[in-house]
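S.K.: Dock chain to chain to rebuild the complex, using the hints, since each chain is given by itself in its own frame.
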Amino acid sequence: MNNTELDRLLDNWEAPPPPPSIRSGLQARFPQSERPEFSHRVRWVLATAVASVTLVFGMAQSDWRPLEDPLMGSLTHLYEGLAEGIEAWRAPGIVAQIRRSEPKVYVDGQLAPPLKYGPAATIDVQVPGEGVYSFISFRGRASGWTEAGHIHGKIIEFLAGGRQVRIECNNPIVDSDRPVFVRRRP
Amino acid sequence: MRKPPEHLIRDAKRGKEAAILHLFDEHHLPLFRFAWRLTGSVSDAEDIVQDCFLALLRPDCGFDPARSSIRTYLFGAIRNQSLKRLQRREDSITPEPSYHRTPETEVLRIEAADAVASAVDGLPATQREVLLLAHYEQLSLTEIAEITHLEVVAVKSRLQRARATLRETLAAYAPRMERCK
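Residue numbers (my numbering), protein chains in the order written: chain W, 3 to 188; chain D, 300 to 480.
It is worth saying that the hints were derived from the structure and are not from the lab. Bear in mind that the values here come from a model prediction, so they are computed numbers and not experimental data. Any given hint might turn out to be false.
Calculated from the model, a selection of chain D residues having no Cβ within reach of chain W, i.e. all distances over 12 Å [claimed, not checked]:
#1 PRO303
#2 GLU305
#3 PRO329
#4 ALA444
#5 THR447
#6 GLU450
#7 VAL451
#8 ALA463
Okay, derived cross-link-like pairs now, DSS-like style, lysine-lysine, Cα gap no bigger than 25 Å in a straight line [to be verified]:
#9 D/LYS315 - D/LYS302
#10 W/LYS106 - D/LYS315
#11 W/LYS156 - D/LYS312
Glycine included, C-beta positions come from ideal geometry on N, C-alpha and C.
This is chain D alone, in the form it adopts within the complex (with noise of 0.2 Å):
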């Protein structure tokens, strides 16, 4: 019987390793690709996702099962975790390469990627994280609205924002997109 994540967050307060490990395993994918969606760091996005999961065995831990799902929270937790080491950069951001398939009949891919990469990023702070909830993660409107504190209004409009600029900043890959399927 799968066991809900308060008990498994008890079990790991007691030592028990393998149940932080299977809350890691069923969660960490989603998180440290927002993480490195966010940082454009995978040594950033490792260690944030690894705090993240060591502050749920801390005594002062916030997660509340009565209030939110796991997945929500440690969302919330790797979106204040990011935005921690971005303001820490003070816009000194040295951010990785990209991640690139390398086949040379990807360049127009590859190319599309970076444009897309460096779209995302030219969006205002909070357009981008809801951005990237909402179509990297297929989270739900009420899911980002309680990782981001805001009314599912707020996110909707904010998401319809984003999309309307990244539309605009991207207008110029579509066709090219169309001759690459």
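Isolated chain W, as found in the complex (with noise of 0.2 Å):
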């Protein structure tokens, strides 16, 4: 046999296509909003800190009495939604951390089907005999968000449907503790 008929009987073995799950599936596991945190959350500090800096010296240099004045209420309000912002902001990324950290659940000491991911940075839990629970790791806007626990860690524990859920993740997924809120799906 000499090269060109070797070639041409090697080639007889084909590949198959990749399935069309491979696309959709890479898509699935991009880490959907990560983004870099130090620098961002630098440009929030920076940016709040500044809004802040400004109206302490406006009000140091005029008479305004903040506590009369409804402007206040209206300030007030702009600082609470731009923290939430910041929060809702930084959900996604510790999703994707969560998600990499290939997390184990467990319900009562017992291990429970793996998370699921929905949108907006909401993770659903399988809690046997009670349903699905989604929770969040800040304060959502819509109704019926309970804080029921906290991220410690590499640690995610709180309370569903009267059961004590605990979701150990392989690696830290943040700095400092936070509150989880959760609601049961509909």
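M.R.: Following this line, the structure appears as structure tokens:
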């Protein structure tokens, strides 16, 4: 058999086309909203600091009495909205970190089905006998979210339907403790 | 203008999904074929290819554009992942059935494909990967040397040995394939 004949024979072994799920699977596994935390966080902190200093300076320069001024109420709302925005902005990064950390779910100490990842940085956990509960790491504007536990290092713990849910990750999720908000999925 | 891969990786790390998909679309076909031929499994090959692209986003990703092209880096990553999977199987391989085109007129070709798959599978691992990269993916000896961490001379010698073995193993099929041309 010469080289050409061997090449022709080898060419009979064709590879199948990749399944369509290969691309969609990659997309599903892509840490969607992960962003570099440091530089953006610094930008937010700087922006907030500049805004606060400006506000204080402005108040000191005038006879403005904030507690009597309705403008203060609006500013407070604005500040709260900003703080909420920062929290909501960080949430997808936290979800991405959880996904990467091979989380294991335990309900009342028993291994439970794996987490499912929903839209808007929500994560669903199947609580046997109680249904599906969603949890997020920030206080959502939508109603129905209840603070029910916390994230501490590699561990996420909260109560769902009176059951103790514990999620163990193989990497730290957050630097400092964060609350967890839970609601039952309809 | 075409963005260099390191820029696409940087963008993907910043959350731009389109950047990783751009790289994926450009490279995944030969990588999938290589992984499939090494593992014999579509689902393993799919996982391995996805893992390798996602690994580009990790902080410890070793891709250095000064040292290798993204193509050879990804082939190397596929090779490592596939070898790991094969080791995990611990010789209890139950490969998926070969991919066949179905028309009956291709019976002989299918038979030959199975024989080739089996003959390639029977090669020592180091010869097999060199043959797959050289014959099926048309990579240069230099690229293969980079992927397999071998000298070019060693790659050449393994390729020659692999082809000699296959020539012997598949000798019976050559005349039959001539008839089916």
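S.K.: Looking back at the hints listed earlier, which ones does the structure fail to meet?
M.R.: 3, 8 and 10
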